[in-house]
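A.B. asks: As you go down the protein sequences, you meet chains A and B in turn.
Residues in the first sequence are numbered from 1411 upward in steps of one, following my numbering.
Residues in the second sequence are numbered from 10 upward in steps of one, following my numbering.
If you are wondering where the hints come from, they were derived from the structure by calculation, not from laboratory data.
No residue lacks a Cβ here, since even glycine has one placed at the ideal position from N, Cα and C.
Warning: the hint list may mix true and false statements.
[Said to hold, decoys possible] Here are the computed distance ranges between Cβ atoms for each label pair:
{"#": "1", "chain 1": "A", "residue 1": "ALA1746", "chain 2": "B", "residue 2": "ASN166", "range": "51 to 61 Å"}
{"#": "2", "chain 1": "A", "residue 1": "ARG1565", "chain 2": "B", "residue 2": "ALA125", "range": "23 to 33 Å"}
{"#": "3", "chain 1": "A", "residue 1": "LYS1725", "chain 2": "B", "residue 2": "PRO303", "range": "56 to 66 Å"}
{"#": "4", "chain 1": "A", "residue 1": "SER2206", "chain 2": "B", "residue 2": "PHE117", "range": "23 to 33 Å"}
{"#": "5", "chain 1": "A", "residue 1": "MET2028", "chain 2": "B", "residue 2": "LEU181", "range": "17 to 27 Å"}
{"#": "6", "chain 1": "A", "residue 1": "TRP2069", "chain 2": "B", "residue 2": "PRO303", "range": "46 to 56 Å"}
{"#": "7", "chain 1": "A", "residue 1": "GLY1438", "chain 2": "B", "residue 2": "ALA188", "range": "56 to 66 Å"}
{"#": "8", "chain 1": "B", "residue 1": "PRO303", "chain 2": "A", "residue 2": "LEU2097", "range": "39 to 49 Å"}
{"#": "9", "chain 1": "A", "residue 1": "ASP2068", "chain 2": "B", "residue 2": "PHE117", "range": "24 to 34 Å"}
{"#": "10", "chain 1": "B", "residue 1": "PHE16", "chain 2": "A", "residue 2": "ASP1786", "range": "17 to 27 Å"}
{"#": "11", "chain 1": "B", "residue 1": "ALA125", "chain 2": "A", "residue 2": "ASP1808", "range": "33 to 43 Å"}
{"#": "12", "chain 1": "B", "residue 1": "PHE117", "chain 2": "A", "residue 2": "ARG1729", "range": "30 to 40 Å"}
{"#": "13", "chain 1": "A", "residue 1": "LEU1608", "chain 2": "B", "residue 2": "PHE16", "range": "19 to 29 Å"}
{"#": "14", "chain 1": "B", "residue 1": "GLU252", "chain 2": "A", "residue 2": "SER2071", "range": "24 to 34 Å"}
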Amino acid sequence: MPDRGARAPGLVEPNEIGPRTWLVELTGVTKAFGPTLASADIDFAVAASDVVGLVGGNGAGKSTLMRILCGMIAPTLGRVSFDGAEVSFTNYDAGAAQRRGIRMVHQELSLCATLTVAENFFIEAPQHGSARPGWRNFYRRAARAALDAVFPGNRIDADQRIDRLSIGERQMVEIARATATPGVRLIVLDEPTSALDLERSRQLRDYVRERARSGLAFIFISHKLHEIMDVASRVLVLRNGRVAWQGAASGASAGRLVELMGGEATAIHHRIEREASVRDEVVRVGAAFVDGGAPVSFRRGEIIGLAGLEGQGQKALLRAIYQRERDSAGVVTRAAPASFVSGDRQKEGVFPLWSVLANVSIGRVGPRPALGLVSDRKEREAARPAAERIRLDLARFDSRIGELSGGNQQKALVSRAVAAETLIVLLDDPTRGVDIATKQDFYRLCSELAREGRTLIWHTTEDAELIACDRVLVFANGKIVRELSGPALTEEAVVAASFSHLAATGPERGERRGGERLRLLDRLVDAAPLLGLALVLAVMIAANPSVASVFGIDLLLMPALSLVLVTEAQMFVVGGAEIDLGVGAFAGLVSVLSATLLYDRPALGALAIAAVVVAYAMIGAVIQSRKIPAIVVTLGASFIWLGIGYSIQPTPGGASPDWLSALTGWSIPHTPTSIVLIGAVAAVGALLDWAPLGVALRGFGANPAAMIASGWPALRYSVIRYLIAGLFSAAAGLSLTAINSSSDINSGNSYTLLSVAAVVMGGCALTGGIVAPVGAALGAVTLALIGALLGALGVSSDFNAAAQGAVLIGLLGMRHLADKSGAE
Amino acid sequence: MNPLRKFLELAHSQRWIWSALAVLIFWGALSAVTERFSVASLSGILLSASYLTIVGVGQMFVVTTGRGNIDLSIPSVVTLSAYVALLTIGGRDANLATGVLVALCLGFLVGAVNAALVIGLRIPAIIATLATGYVLATATLLSNRSIHGFAVSPSLNSVAAGRLLGAPIMLLVCIALIALTEFILRRTVYGRTLSAVGQNRVAARLAGIPVERVVAAAFVISGVLASLMGLVLGAYVGGAFLEMGQPYLLQSVAAVVIGGTLIFGGSASAIGVFFASVLLILMVTLMQIMQLPPGSQDMVQGVVVILVLALAGREAVRTSGAPKVGAAQ
């Protein structure tokens, strides 16, 4: 047992009297992953008003410890107690941690990108959500209040979708959301300032201090040690899964923390003075990226830093150089091959199925001709020296890359660029979230590479790193506004230049303008299905004026009702980032059941339909619990539905129950029944989507991991999603029977793919999280009318399918072009 | 390490072993309980499986490009190609070269159009290939109206149904295709880049891989294989009919996933497609022998696809790279 007495002086503030009650206390916590101990016998406690700075290199065990604290993983050994009372780890999960007031702001953003700011506040605290008119207002106000409290003057719109905010703004929303959680007592901030500029970072630290005074506790994880020293009251240093030191922040210094973490006390930035470069120019950046317009040249052997506040165009320039993107105003030219190292390893670097070796060698293999041969032996030989230069352990070459720590993964990505032997190396924040030892290996390598005559273009968010560069280009509003080199190149000068050019037009304002323009374009695209439908109707009325009568409209639109219903079913599945290929076959099956069993023996028929709807909902359970792609499962299921229907009714026939026919057979004067019914279906879809349930379903489509982390049960909502789809699809089946007065198992087949088309036409994204009930219904009606339109124009029905395909391609093409112009 | 652990480890990296094992067990059980499975029936099953494998390999290339890409135009290409080939060849060997060329062009064109829609217009593959499938369906209807009687070229028929040294020629063609595909996947730059694109498209682009070309090639390969298969299938069945490609929609996807290719992309196995095809054909044959109604055949195939995915699902997710908790720091 560790000696409890030994840590007391560090834990208790000198001015405090008597023992404190810990808000949460971890004792002897050990977590083993196979033979490695991610956490080893850690004692750690937090009291109200504490601000604990948690530091440590990669693999030191910070994330593991925080995940244990937040109930996301259970430790191998150890105890946890709240307010002095012990809680068993077997009953302790993420939900339990949340109920006890622990919130974590993750390094990976945990917002639902296609939901609005206010809706994201609902996801975190759903207890105030109920399907009443105006239920969103509560969350709008909560979002505004929380954002203004933490980040004064932020100008973030609570009704804006998260994916239309800048990265920094998203991080602000995330932090604000955690602070606003009712009953929150401890907030874990994991690298909260990684996407914030200096001013926002300062606001956050001010806020943390202020809230801590009123009793809220924080754990502040950061690689930026000056922030830790600024904000923390206590510091916990982890090293190799063990507590290296903990004590009052006043007893530490940034240098001492680096030592404790296992790095060297003095940062080594080898800036070797090189003779003024008269060497070959390798990159020329034209007017589009330069304030003032004179082109900037990068030469061989240079390290060029790209600096400025977050999102001012540094990344855009890197991408433009990599892709040699031509711009209308100015051209980026590159005279030699380039390789790219991104700090966003998971998204932009790693190939998770592969070994370390394959991950390194792809940089050499990728650009070669497609039919060239690859030899593992040769690649191994070529990769070895590259890996040695950054001290990547050669013994790990055959491990899967995911088994390496973040720092070692980054070393593999750097080795990839070195092994590719390109003259130009583009670095996009390559040391993000990397431990100090790895950083120092990296800095050393950079200066070596430059000495060999390679050109390094280096975007970093750590201003201290810029001192290692020969020249630094400072960005503001997408352009280079300042060049610093020689003695003028200091951290202070970089910071000053970053801010001096941002007087009138801040980055957030630029983002917002872009956001509003996007919205306008989106509205135009959203209107496309309506315009398309109007056009189709206009042509048909021109060809045959009697179409414009109530009878004519019903004749045309009534058959569209079934497709509209199937489309609404498909829409809720697509909203979950899945596609249901069984939805049409299922409508066919329900149609068969209703025209046979339901007609002959109503009770048994109703039971059978209920049973297949339940079976349909169970598909959601299979997909969710086994994590398998919905497309293939539902494709398989479609054969089951068809098989059942075919066995019940091998040839078309049956009859529609009278009450069912009456449902579509009524009429009120001067109103087309079909339009009323289709409108009602769209309204039901819209109502479901508007309600808290619909927001949650969209949330799962946008970011399932975040939903689960917020305590939402994924399995239940997957079942609900398919239950809703099943109900809509079953209604489609009933409508088929009612309209045709008979059934045919194949009658729904063509709807499956048409419904996907209609959903996309209506404005939903196949990537999930966006649902448009009215647009989808309009899309369905348009597609259903194509056959009639061709008939009216005297075209053979052979061309039906081709016309549907062409309309689909045309609309999606237009949508893509609109999105593209909106994104630029 | 005991042999079982060794086997499991091998099967973990070489997922096609499971489908091969399933074929062996299924076959063994059938030979034991019925008299009607013999070496002769095996050759018939292998012949049908060869047809399925050819389109399955095309589907495998598309699936491996990731992002849930699936080629839904395969059935339409198969059908249209059979019609077009019959129309151009008209039963005469002299026209065979033209017919093959036309079929090739058809497959290439459809693949290229699919690729253009997916890459150029960013239309999701499942929608784009569905849309081209619709257009092809109309072309098929028009061909169906203009065709008068079916006459099959004799040499094409001998390829489609003939034997060489006792083995169906199509089986040999299929084995050659598998060998070539495995070589491309494991030993060429294209194979590596295809896997990279399927795993992580952004990273692939930043690693200097011409992502668009890699994806486009996969769609073209799928289109060409489907059209060549349609050409031979038309000769085999001695004609063409509107729905002749339809069974290959579910079966090509089923052959890909049962064979151990990851549905999420990035990892493919052509051998797996072959064994899975044999397995699927065995199942269909068995059901025909048992004289089950066609409806129950559909049901059984659907259930098998879902079961296989449900059993393999977890593993596939793990290997598709959710970082392990311990290593992620």
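A.B. asks: Hints the structure violates: just list their numbers, smallest first.
C.D. replies: 2, 5, 6, 9, 13
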